[in-house]
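Undergrad: With the working numbering applied, the sequence shown closes on residue 374, and no number is skipped along the way.
Certain hints may be false.
Claimed, not checked - Calculated pairs, DSS-like style, for lysine-lysine (alpha carbon to alpha carbon, straight line, at most 25 Å):
hint, residue 1, residue 2
1, 177, 218
2, 224, 181
3, 172, 98
By construction, these hints were calculated from the structure, which means they are not laboratory data. None of the values given here were measured: they were computed from a predicted structure.
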Amino acid sequence: MKTQNRLFGLSLAFLLLAGLTLAGAPAFAQGAQKGGLDETGPYDVVVGWFKPGIERWDQPVIAVAVENPNRIFIGNADQTATQANAPMLGADGVVLKERSTTSTKPRAEKTHVHQIMVLNGDGKVIEDWKQWDELIVIPHNIEIDPYDPERHLWVVDRDGQQILKFTNDGKKLVLKLGEKGVTGTDQNHFNRPAGLAFMPDGSFYLADGYTNSRIVKFDKNGKYLLEWGTKGSGPGQFNLVHSVSIDEQKRIYASDRNNNRVQIFDENGKFLEEWPNVRSPTRLVVTEDKSLWLAAAAGYNRIAKFDLNGKLLTYWGTTGDAPGAMDNPHAFALDQNGALYIADAWNNRLQKFVPKPGADKARLIAKEFRFKK
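Using the sequences and the accompanying hints, generate a full structural model.
TA: In structure tokens, the structure reads:
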């Protein structure tokens, strides 16, 4: 009996140790399913969901904002900005064998068009805001302020050096910050701005961005409040600040993309800490479950989850142009049903992913954190 008890105790200790070891490691695919390499993690890709309605579509989809499952906004870069040898799409969204560099489109067709589009739940284009094509240069980031009952669409026009606020139907421009085509580092000018994040009072933080290497805060009317950041690799410095997100303690998370790290600040720009060795983070989102999700580009092409202490919890993703694979996941957003939309930039498409049956909820992206007003 003593021998049996000793063996039982050793077995229990081994199981507990194994459980602790597994609990401390990133969580990967679980369950009875055999095979697979976890390329799409807890999601299934909806193959060919994005239907641009244009044959030989070759514009990078670089931004996405979701109002609801039947109204999805996308921002598209100029066709001349297409990554070399990127796949082209048919009007029905099917990846063609033809590549962008072999396009036979006349040069006149490679114009500045389709900057902002709206998709329905089937991935079809229902609105093309062509009335703003001449105003917008590159809609690098698009956002809907979650605290705004009128659901205005904000556009960070990177190469146009402007921040634009439109009515939800796209009929009216209601606010413009910056001066089109004019760079600067003062309170009224930008230099290749990249992303936005909102506070409940309507104020917002701007990642400015590719050249200026600063974060700027404005009030709800666009009045300058404060800023921080300079070019470099030290604490509080940036080498391409690409995206910002905010947690319940009003800490600001910034993707310092070319420094391969995430930096955290208080709401007034005081440096708190950094998470190193986070390769080419493009999009950051703090979620309701007190986690931070990010997209990593530059050959990594992953979606990753961290706790708010910087510990990696899980990740998935693979490089390529097959359904579910990615080449520069530049932005992502969720709808109210939990579907995930990824702006797969150098594959010239928006991909839609839906949770797998029985998926581990800890590996699914939770709703973005919002303050309760």
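Undergrad: All hints are to be evaluated individually against the structure, with a verdict given for each.
TA: We went through each hint and held it up to the structure:
With a C-alpha separation of about 15 Å, the suggested pairing of residue 177 with residue 218 holds against the 25 Å cut-off. Between the alpha carbons of residue 224 and residue 181 the distance comes to roughly 18 Å, so the proposed pair stays at or under 25 Å and holds. Taking the CA atoms of residue 172 and residue 98, the gap is near 38 Å; set against the 25 Å cutoff, the hint is violated.
Hint violations for this structure: number 3 only, all remaining hints satisfied.
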